[in-house]
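J.: Please take these sequences and the hints and turn them into a complete structure.
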Amino acid sequence: MDRFSAVAPACVRVLLLPVGQIERHTYLDVVRQLQLHAVVIPLKALETQSLEDDLLLSPQHFSGGSILFNYAVAEVPEPQRQLAPFELFRETLLVLGITAGLSKDPDQYETQLKRAAEELRERHGRVVHRHLLLLDDAPSPTQVQHVTVLQATNQHGLSLAMQQVAARFLHELSTYAKAMQASPSIQTPGQISQGMLRSMMLREDEGRPPSRHSALGDPKSPTSEDNSSRPPSLSQDILPPATSFDQMPAANALGRSDSNTSRRSKSRPRTTSFDRVPVLSKEKTKDRGKARVGIVIGSIYLMSGQWAEALKILVDNTTRSRALNDHIWNGKGLEMIVVCLLLHLWAGIDVQVPAICYQLSDRVRDRFSKAFAAELAQKISGPQTAAEKLSSSLPDLMKHILLLYHSIEGTMELPYITVAEATVRASRTLACLQATNGMLDQDSIPHIVKHESPLSRPKWSSSTFQVQKPLSKTGISDLVTHALPSTDENIPLSDHISILTGVASVYSILQMDRKRAITMKTLIARLTSALYQARKLGAAEMGIHPAASLSLDSDAGALADMSQSSSGLIPLARDLVSVYGMHLEYDDTTLHTNHRQFGSATLQLEILRDLLKLCEASPDLKGISLMVVAMMSSAGHHGSFDLSAKHRAILISAEEQSKLISMQSRANGISKQAGIELAEYNYWDPFLLRGIELHPLPQERAIYEATAGLSVSPSNSAKNPLLYDPNARKTATKEDRIVLPLGEASKFSLTLQNPFDVAIDIESLDLVIEGTALAGSCENVRLGPARLEHIVIEVKPQTVGDTAVTGCRIKVAGCLEQMFLLTRAPWTSIDTSLLKSIGQDGLQEEILTESSAPDHDRVAVTVIDRQPQLLLRETSSQIVMLLEGEKQRYSIVLENVSDVPAVIKSVQCHTDGIKLANEQHKAGSLTIEPQQSYKQEFDLIGQLAASVARASIAYASSANSKFTRMVEVALELTIKPAISVSQVDIVPREHDSLTFILDLHNAWSMPCDYTCWTESKQDSNTEGLLNPGQSTKIQLKTLRWLDRSKMSVDLAVAKEELSKHLHVGWHSMGRSGNVSLDGIHLSEDVLRVLAGPAIAITLTHLHSETAQHNEASAGEFTTIRATLKNTMHTLDPVVLQLQCQRPHPSASIDRHALVAGSLSRLIPVWPPDGTVSVDFAICPLSIGAIALDAAVRPALSSGSPINSTTTQSLVMHITE
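My numbering numbers the first residue of the sequence shown as 6 and each following residue consecutively.
Keep in mind that the hints are not guaranteed to be accurate.
Unchecked claim - No farther apart than 20 Å at their CA atoms in a straight line, the calculated lysine to aspartate or glutamate pairs in the EDC-like style are these:
| hint | residue 1 | residue 2 |
| --- | --- | --- |
| 1 | K1042 | D990 |
| 2 | K1022 | E1062 |
| 3 | K1038 | E1028 |
| 4 | K981 | E1020 |
| 5 | K183 | D321 |
| 6 | K664 | E611 |
| 7 | K752 | E611 |
| 8 | K291 | E414 |
| 9 | K920 | D904 |
| 10 | K892 | E977 |
Calculated directly from the structure, the hints in this document are not laboratory data.
T.: In structure tokens:
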């Protein structure tokens, strides 16, 4: 039964003890089952037990009641034991010994059983009843009394056994009740009133201060929202050093906040009439004693299940106490009456609410107007049920009870623990009542009694009650605040923690999660301090250092027991951090959800630190690991980051991060050493995997696409020196596939991120593959702090087909093995900036929405059949020295080292300095069998500009294979000059011939013989010898060989045609070669000489038969014919211009010759190598010589191959 249940004063405290050689887990299992199934024992079930008819507490007197057992496994602290019989439920009335493992021999069995009963009698001689619960079957009937054999540990077996125990307990309790009836009076438990102490100390300076009971001020109802008074603080007594957990004062753990202390100290409530100490006569003293004894007897009847008789006794004696101004016992009686009424309603028994429950104090009655008092009286006398009547009076009644409990008796007042627990019970009852809109119904009553059913919150209706308005959550919250202990309250730490727990439960019912979280935070701080203090005391007793209490040499069983007993801390932590806007645990579906939903990150880390300290002090190994993961996750930047510091903001320092990792490692080490199940959770950074790429392969193993000649995979591409380059092209996308051959090991480069300032140990790493098997893993990898790091993993394809790498399954030290998806692009979660609800309401209404998940990539992989592999086995020197123009033979040997035949598909030379020696094999015609060799020859040519000679041999498994491999031959060339041609001049000669004038120079250190020749067989050669450093000029005649139709004004074409026709060779010391003419300089004039005219023009005089050649008569017309020949493939229209002029420049042609028509003629396009004739009629007017010039120019301004005027001259002699 809950300690703070409203019916806790009606419960019988049962102490459960292990007796004999019972195993620990068996004992704990029986305790758990008793707490679940044997708390309520109906009196009707005890009628079958053999009890006397005249028994004082016989079940037959009231069969509708029940006995409520409160099972405990620890002794009652001595300060609380002294509160009985005022609070009889605190005292252990029944001791139940649980034993097992007894001997099967009847004699030994009897002896062991007697010894167990005697042990209980010696240790607990003052309890009402002692009983043994035997788990084993009895071999023979026993003579030992009060022994019950448990037939089964299920609900039915436990109920039968506890019915027998309850029957014997009622018999002994009847005797105890008779002895109590003989008592003349009962002393009120208490302590010297702190108000009195302060009065004596401050009387001279400040006058008489208020007493403690007035801290509640006016007896306002919890419906009032301005009730914020608190009881004044009590001075702290000086205590001896604590020697046990219960003796630790709460003040040694952690003081209360300054705000609470200040608020309590500022409270100056007024003094009530209860402060006055009455002087009683002997008769009134005797009557007061009888009333007190009657209230205790009523409590005994209430515990025994005789609720009807208990209500009658309590009402009579409470009324008498009220009349005698015995305020404390008046409050006790009223509380017991409320408990009795609640039990009646819970059991469904009709009951009448006594009139004493409606008698409000004078101060309360004055608050109501006469009209309201009349309405209240009408409601009380009207046809209301007991639940409605009790509901209407319960708030003010509970407030009145607490006010009475704060009264003083003489110089004494009730201990703080009594008043505080009563305050928590009253607040909890009112909170349950508020949850159902002030009505005691089928939802609230079970929750008030046993806290067993969830509360529903119906909407408030004005027709529900006309008397009582809805209870105020604020008023109830203010009421329970008075139960919070302060630094002045001298109470054991266990009671301090218990009260904080009760206050938190009230806030939970009120759904005031923030106040509950603040209370729980205070509780955690005090509990942590107490656990550390207990560890120090235990270590001092053992003579060891406190830090060594959790060393690896500690007892494994003790560690396992401590970890198992503290397993409830994780649900507590999970519930507490949710108030601050966090989640603790995540699965794969919510892996990328931001751990911080809302709230302050500073407060969240602070509460996680407190929880971590509590788990460490418990010790809760699972809780330590969970808190470490939660802190690292909450402190980190939730997203994929780059290397800039602004994207890597961590909310905790590097020292604290290192400490957290050490704590996690230590907890896991202790778990392994002790054989405890490892407490592992998901890694705190879901963006651990940032990239997957194929590690650069050796050139001879790279796979190329046969059609494009380019690598399908990025293995041949240059490695980017940047770990993350946002401008780099994405590789291995859905369009770009990585091609791997079957059975060959390849390496993948994985990019992992670690934004934290501590190194991370990775125990295992496996690729997650879709489809085709692609095994790949690595172990024991250390990821450095604050970096993106490459991890190389080796894979080996097993089958052919298409597959994809979607992520990695990584096991980080101390964390669960989990799958990490590939996230290349930077991403971070974005908090919602606009909220319709704040805090817990927003969380419950699911207003806080997460941002979209990041985009995950996948690496497409194609596994192809086995591929051949050729290696260079025999080669000449990799560095070759050549003279300029020298040609040298170079050979290589290729060996097929695989078990697949290799088909040579192509041999390509990529530089001008290397040529294929022969073309003896066509593409796909040569096959190199496994373990066979093939020799390939190349010609190396010396060129001054060349430093590297490169060639490649492409091969595949078949001639039609889509993928190929390539063997590359790369040589370093050292080229030295020999014979060089520095200048070439061309001089035109007659009969369409040319003369080449060349400047030769020997730049080598040895004499060289040279030879100059042309392609024309009709030309002669020129030979000679040049010593080192000698230069010479040679001439070489040749006919014009150049086809003008292939020429243009481009100098490069002219050089190419010249190199084909003109050759310069040399030889010296066994070396020979040809001089390259590519570097010579040709001007446009030399080009025209080399190419000749584009259009050949011939002027002819068509004279008569009597005239001589080029002679004409003055005054007669003669014909001049211009013949044009096209030497180009294409020609645009041209203009032919004929000019006549006298030899003397000053003479005018118009005065000495006449021309029929125009001297300019437009010539249309005519075919290549064709001729066109144009006639001009000229009549000389005077004798002498006339010069005729014919010129051809382009008719168009541009686009014509004739870029200058071509001319031809003719001189005629004019006679009479």
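J.: All the hints need checking, so say for each whether the structure fits it.
T.: Hint by hint, here is what the structure shows:
Between the alpha carbons of K1042 and D990 the distance comes to roughly 12 Å, so the proposed pair stays at or under 20 Å and holds. The suggested pairing of K1022 with E1062 holds, with an alpha-carbon distance near 17 Å, which does not exceed 20 Å. Between the alpha carbons of K1038 and E1028 the distance comes to roughly 12 Å, so the proposed pair stays at or under 20 Å and holds. With a C-alpha separation of about 27 Å, the suggested pairing of K981 with E1020 is violated against the 20 Å cut-off.
Restraint check: the Cα-Cα separation between K183 and D321 comes to about 19 Å, which is no more than 20 Å; the hinted pair holds. Note on K664 and E611: the hinted pairing holds, with a Cα-Cα distance of about 16 Å set against a maximum of 20 Å. Distance check on the hinted pair: K752 and E611 sit about 45 Å apart at the alpha-carbon level, beyond 20 Å; violated. As the CA atoms of K291 and E414 are separated by approximately 16 Å, the hinted pair is consistent with the 20 Å bound.
For the suggested pair K920 and D904, the alpha carbons sit about 31 Å apart, so the restraint of at most 20 Å is broken. Among the hinted pairs, K892 with E977 is consistent with the structure: their alpha-carbon atoms are about 15 Å apart, no more than 20 Å.
Comparing the model with each earlier hint shows violations of hints 4, 7 and 9; every other hint is respected.
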